[in-house]
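Mind the numbering: the sequence shown is residues 1 to 246 in the UniProt record's numbering, read in order.
Because the hints were derived from the structure by calculation, they are not lab data. The beta-carbon is built from N, C-alpha and C at its ideal position, and this holds for glycine as well. Heads up, a few of these hints could be off.
[Said to hold, decoys possible] Each pair of labels, with its calculated beta carbon distance range:
hint : residue 1 : residue 2 : range
1    : Asp66     : Glu134    : 33 to 41 angstroms
2    : Arg21     : Leu231    : 13 to 21 angstroms
3    : Phe189    : Pro238    : 16 to 24 angstroms
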Amino acid sequence: MSDQLQDPTWEGSPIPGAPHRPGICLSFDDDHVDSWWQYRSLLDEFGVKATFFVRGLDRMHSAERDLLLQLARDGHELGSHGYRHRSVTRHYNADPARIDEYLAQEVIPAARALREVGLQAGSYAFPYGHRSGEYDAAVLQHFSHLRSIGYRRRYLPPHRLRTIYHRIGSGEPLHHALGLDNAYANDGFLHATMRKAQSQGLVLSLFAHRIAESDEDYVIRPTKLRAALQLAASLHLPSYTVSQLI
1 MSDQLQDPTW
11 EGSPIPGAPH
21 RPGICLSFDD
31 DHVDSWWQYR
41 SLLDEFGVKA
51 TFFVRGLDRM
61 HSAERDLLLQ
71 LARDGHELGS
81 HGYRHRSVTR
91 HYNADPARID
101 EYLAQEVIPA
111 ARALREVGLQ
121 AGSYAFPYGH
131 RSGEYDAAVL
141 QHFSHLRSIG
151 YRRRYLPPHR
161 LRTIYHRIGS
171 GEPLHHALGL
181 DNAYANDGFL
191 HATMRKAQSQ
201 GLVLSLFAHR
211 IAESDEDYVI
221 RPTKLRAALQ
231 LAASLHLPSY
241 TVSQLI
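Turn these sequences into a full structure, and let the hints guide you.
If you want it as structure tokens, here you go:
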């Protein structure tokens, strides 16, 4: 079946009667607090409010927690990236019989860690993006929004991925983000993915890890981040946090 038949929205035409609230949703994963703090002015420059999915919050030094809380006071969202960053598939084999174990070891303590620093347990990013429908339903008992990763098949351009887009008003709680780190090599596709969001009134989800001048896999260079934010601004795409994707 052709991509056009699988996804009637891919070619750029808006859906009649659907809400038209395009934008981007930018998130960062793991525990790179110093990096996020160092480049917060870059987000501020473009008026972008990001979601920071934090792992191991309970193990952080008080100084790191203070920086995260200041980011939250500045309007950014703090979500959970798991208590100990365990994978649904690698550590639990995506076994429905082990859902309670996953909740007890990874999800419930992560939600508690957020509440203990005065934050709501709003959004949860699955470590490694690994998930299943059964695990989704269970985690949604503790968090209102879920984020995974938008994986694309070889040669399939990202703008053909339905999963990396969200339509405001759909009520869909699961979101898949397109990777911006060096490892994902999606640089050349950003204009097409953002243009689709703009033309169809969709929110494009994007994510990265550490912001730094480095060629490491799970790093985004400041110049690349700036270029992405400049492109979004030129297309008049506002930012949403993950919990704002209702």
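Evaluation of the provided hints:
With their beta carbons about 37 angstroms apart, Asp66 and Glu134 fall inside the hinted range of 33 to 41 angstroms. Between Arg21 and Leu231 the beta carbon distance is about 18 angstroms. The supplied range of 13 to 21 angstroms therefore holds. Checked against the given bound of 16 to 24 angstroms, the beta carbons of Phe189 and Pro238, roughly 21 angstroms apart, stay inside it.
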